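Protein chains: 2
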Amino acid sequence: MRYARIPDQTIRRLPLYLRALFLMAEQGQTEVSSKDLSEHVGVHAWQVRKDFSFFGEFGRPGVGYQVSWLTDQIKTILRLDSEKKAVLVGVGNLGAAVLSFSGFNKYNLTIIAAFDADVNKIGQTVGGVEIRDVACLDSVGELNATLAVITVPGQVAQAVVDPLVNVGIRGILNFTSCRLIVPDQIRVTNIDIGMDLASLPYYI
Amino acid sequence: MRYARIPDQTIRRLPLYLRALFLMAEQGQTEVSSKDLSEHVGVHAWQVRKDFSFFGEFGRPGVGYQVSWLTDQIKTILRLDSEKKAVLVGVGNLGAAVLSFSGFNKYNLTIIAAFDADVNKIGQTVGGVEIRDVACLDSVGELNATLAVITVPGQVAQAVVDPLVNVGIRGILNFTSCRLIVPDQIRVTNIDIGMDLASLPYYI
Numbered sequence: 100m101r102y103a104r105i106p107d108q109t110i111r112r113l114p115l116y117l118r119a120l121f122l123m124a125e126q127g128q129t130e131v132s133s134k135d136l137s138e139h140v141g142v143h144a145w146q147v148r149k150d151f152s153f154f155g156e157f158g159r160p161g162v163g164y165q166v167s168w169l170t171d172q173i174k175t176i177l178r179l180d181s182e183k184k185a186v187l188v189g190v191g192n193l194g195a196a197v198l199s200f201s202g203f204n205k206y207n208l209t210i211i212a213a214f215d216a217d218v219n220k221i222g223q224t225v226g227g228v229e230i231r232d233v234a235c236l237d238s239v240g241e242l243n244a245t246l247a248v249i250t251v252p253g254q255v256a257q258a259v260v261d262p263l264v265n266v267g268i269r270g271i272l273n274f275t276s277c278r279l280i281v282p283d284q285i286r287v288t289n290i291d292i293g294m295d296l297a298s299l300p301y302y303i
Numbered sequence: 100m101r102y103a104r105i106p107d108q109t110i111r112r113l114p115l116y117l118r119a120l121f122l123m124a125e126q127g128q129t130e131v132s133s134k135d136l137s138e139h140v141g142v143h144a145w146q147v148r149k150d151f152s153f154f155g156e157f158g159r160p161g162v163g164y165q166v167s168w169l170t171d172q173i174k175t176i177l178r179l180d181s182e183k184k185a186v187l188v189g190v191g192n193l194g195a196a197v198l199s200f201s202g203f204n205k206y207n208l209t210i211i212a213a214f215d216a217d218v219n220k221i222g223q224t225v226g227g228v229e230i231r232d233v234a235c236l237d238s239v240g241e242l243n244a245t246l247a248v249i250t251v252p253g254q255v256a257q258a259v260v261d262p263l264v265n266v267g268i269r270g271i272l273n274f275t276s277c278r279l280i281v282p283d284q285i286r287v288t289n290i291d292i293g294m295d296l297a298s299l300p301y302y303i
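The listed protein sequences derive, respectively, from chains A and B.
Just so we're aligned, residue 100 is where the first sequence starts under the working numbering, counting upward by one.
Just so we're aligned, residue 100 is where the second sequence starts under the working numbering, counting upward by one.
It should be emphasised that the hints constitute simulated quantities derived from the structure, not laboratory data.
One thing to keep in mind: the hints can contain errors.
Okay, derived cross-link-like pairs now, SDA-like style, lysine to any residue, Cα gap no bigger than 25 Å in a straight line [as the list claims (entries may be wrong)]:
#1 B:Lys149 <-> A:Arg111
#2 B:Lys205 <-> A:Arg231
#3 A:Lys174 <-> B:Tyr301
#4 B:Lys149 <-> A:Asp107
#5 B:Lys149 <-> A:Gly141
#6 A:Lys184 <-> B:Asp295
#7 A:Lys134 <-> B:Pro282
#8 B:Lys174 <-> A:Tyr302
#9 B:Lys220 <-> A:Gly226
#10 A:Lys149 <-> B:Ser199
#11 B:Lys134 <-> A:Ile285
#12 B:Lys220 <-> A:Asn265
Since the structure is predicted, the reported quantities are computational estimates derived from the model, not experimental observations.
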C-alpha cells in the first residue's frame, strides 16, 4: 500500500497515536474511538478521523478503530515494521538512563552499541549494551545501524556526529543543546528538557 | 500588554523559537530573519511572521527581528519572565542527569529540591540540589514550587504525583511511560524517548 499523500503534520502526530495505542493495548483495550485517541494526543476528534482517512481507515460508527490493526498500519507508515538499529554515544547519567530504558522494543528499535571516552567505562555493560571506545566510531559502519542517540557533553557533539554520518547514520536524536551541522539528508531531532519544562508555566 | 488571541498552535511553537533565539544570542547574533527562524523551528517563514504578528511584532523588511526584544516578548507570553520553581522526584540515572542539566536557568526555571526513596541517596547533593526523603513530599507545599519533574520508575509514578498535586504542583514533566491521572487544571507533558527515536525512521 502507498501512503504518498500523507501530510507532514499528520506524520508528526502518528508517533503520538502509536504511543497512545500501546498504552491502550497494555490495558487490554481492543477498540478505540477517535474521541478517546484525540484526548491522548491533544487534538480534536475530527483531526484524528482526518489523519486516519489518509491511509484509508475510517473507523466504524459507534465502535471506532481496532487497536491492533491501527497499530500495525502506523508502524508500517513510520517504517517501524522491521527492526531499526541505533548506537548511543556518551554513557554519562543520561546515556546510562537511555541504555536502561525498556521502551524501545515495542517500536522495533534496538540500541546495539554504546561508545564513551572514559577508559573505566569501556568494556562495561549498561542496560545489556557493551560500552566501546569512542575512538572506534568508524566500526559503526559494520553494525548496520542507521540511528544514533547523542548524549555526550555539548562541546564534543559535532566531533562525534561527523564520523557517524560518514559511516551511514541517517537519523540522530540529539540530547545536547548544540545545533548539529549535518548534510541535508540526515534527520536530527533535538531534545531539550529545559524547553519542555519551560512550556508548562503558560498553562498553569 | 494582553495576548489573549494567540492560538494554541502558535503557543506550542513559542518554546521552539525561544530555544533558537537562545542559540543565536550565544553566537552573538542580534537580529534574525523569519526565514532563519523558520529553518530552526521547521515551519514556513510565513508561519513565523504570522505567529509573531499575534503579539504585534512584524519585523523590519531586510532586517528581521531583534533577537533580545523577541526573546523578552516570548518569555513574557510563556510566563517565564519571573522565576518558576520545580521539584524532581526520583534520582536514578535520569533524575541525576536532569539535576545536572545546566539549561534551565535561561528559561528562569530552578529545580529547588529533589526526592528519592533510597536512604543512601537522601542527604546527598546532585547538581547542587540536596536529595530529600520521598516520604516528605508534603514539604513541597512550603517551597512555593509549581512544577515537578517525575523520573521515578513507572509503577510508583502515580503514587508520587498525587501528593504533589495536593500541595500545589500544577505542571508536571513526566518521564515515565505511565499515563498520569490528575485533575483537569493540572498540565502534564509526557516525555517518551522511545517515541522520539521512533519518529526518525520515516524520514531516513
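These are the hints, each one checked on the structure:
1. B:Lys149 <-> A:Arg111: The hint holds at about 21 Å.
2. B:Lys205 <-> A:Arg231: violated, 34 Å
3. A:Lys174 <-> B:Tyr301: With Cα atoms ~10 Å apart, lysine 174 of chain A and tyrosine 301 of chain B stay inside 25 Å; holds.
4. B:Lys149 <-> A:Asp107: This hinted pair holds, its Cα atoms lying about 19 Å apart.
5. B:Lys149 <-> A:Gly141: This hinted pair holds, its Cα atoms lying about 22 Å apart.
6. A:Lys184 <-> B:Asp295: OK: lysine 184 of chain A and aspartate 295 of chain B at ~14 Å, within 25 Å.
7. A:Lys134 <-> B:Pro282: Answer holds: lysine 134 of chain A to proline 282 of chain B is near 19 Å, not above 25 Å.
8. B:Lys174 <-> A:Tyr302: Roughly 13 Å separates the two Cα atoms, so the pair holds.
9. B:Lys220 <-> A:Gly226: holds, 21 Å
10. A:Lys149 <-> B:Ser199: The hint is violated at about 42 Å.
11. B:Lys134 <-> A:Ile285: holds, 20 Å
12. B:Lys220 <-> A:Asn265: violated, 42 Å
The earlier numbered hints that this structure contradicts are 2, 10 and 12.
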